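Asks: Sequence:
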Amino acid sequence: MSTPSMEILITVLKDILNDQDVHITTNLNLVNDLNIDSIQLINFILKVEEKLGIDIDYQGIQLEHLESIKQFHDYIMGIYKS
Numbered sequence: 001m002s003t004p005s006m007e008i009l010i011t012v013l014k015d016i017l018n019d020q021d022v023h024i025t026t027n028l029n030l031v032n033d034l035n036i037d038s039i040q041l042i043n044f045i046l047k048v049e050e051k052l053g054i055d056i057d058y059q060g061i062q063l064e065h066l067e068s069i070k071q072f073h074d075y076i077m078g079i080y081k082s
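Letter by letter, the sequence shown follows residues 1 to 82 in full-length UniProt numbering.
Everything labelled a hint here was simulated from the structure, so no lab data went into it. What you are looking at is a predicted structure, and each value in this text was computed from that prediction instead of being measured. Heads up, a few of these hints could be off.
Using 20 Å as the maximum straight-line C-alpha spacing, the simulated EDC-like pairs for lysine to aspartate or glutamate come out as follows [stated by the list, open to error]:
#	residue 1	residue 2
1	Lys70	Asp33
2	Lys14	Asp33
3	Lys70	Asp55
4	Lys47	Asp15
5	Lys47	Asp37
6	Lys70	Asp57
7	Lys51	Asp33
Please construct the entire structure, taking both the sequences and the accompanying hints into account.
Replies: Written out as structure tokens, the structure is:
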């Protein structure tokens with residue numbers, strides 16, 4: 001299990017968006033600012049799970065955890081602490 005970093009999450013997000021040049025900050029809203037749709041959001045979560053070797057509880061995740069890279073990072077850090 002790798003420790004999550006913002007850089008890993010941003011790299012995965014750029015892959016999902018298929019745009020390595022997009023400027024992503026940690027506080028951008030994934031849906032409103034980056035126009036990520038539900039399929040891309042699911043793919044993002046799956047790739048993060050794969051990359052970090054973790055299992056994300058889909059019953060426990062809330063939409064607010066996916067509003068920004070920072071909020072998702074904070075949610076993942078909670079997985080590491082438990």
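Asks: Output the numbers, in ascending order, of every earlier hint that fails for this structure.
Replies: 7
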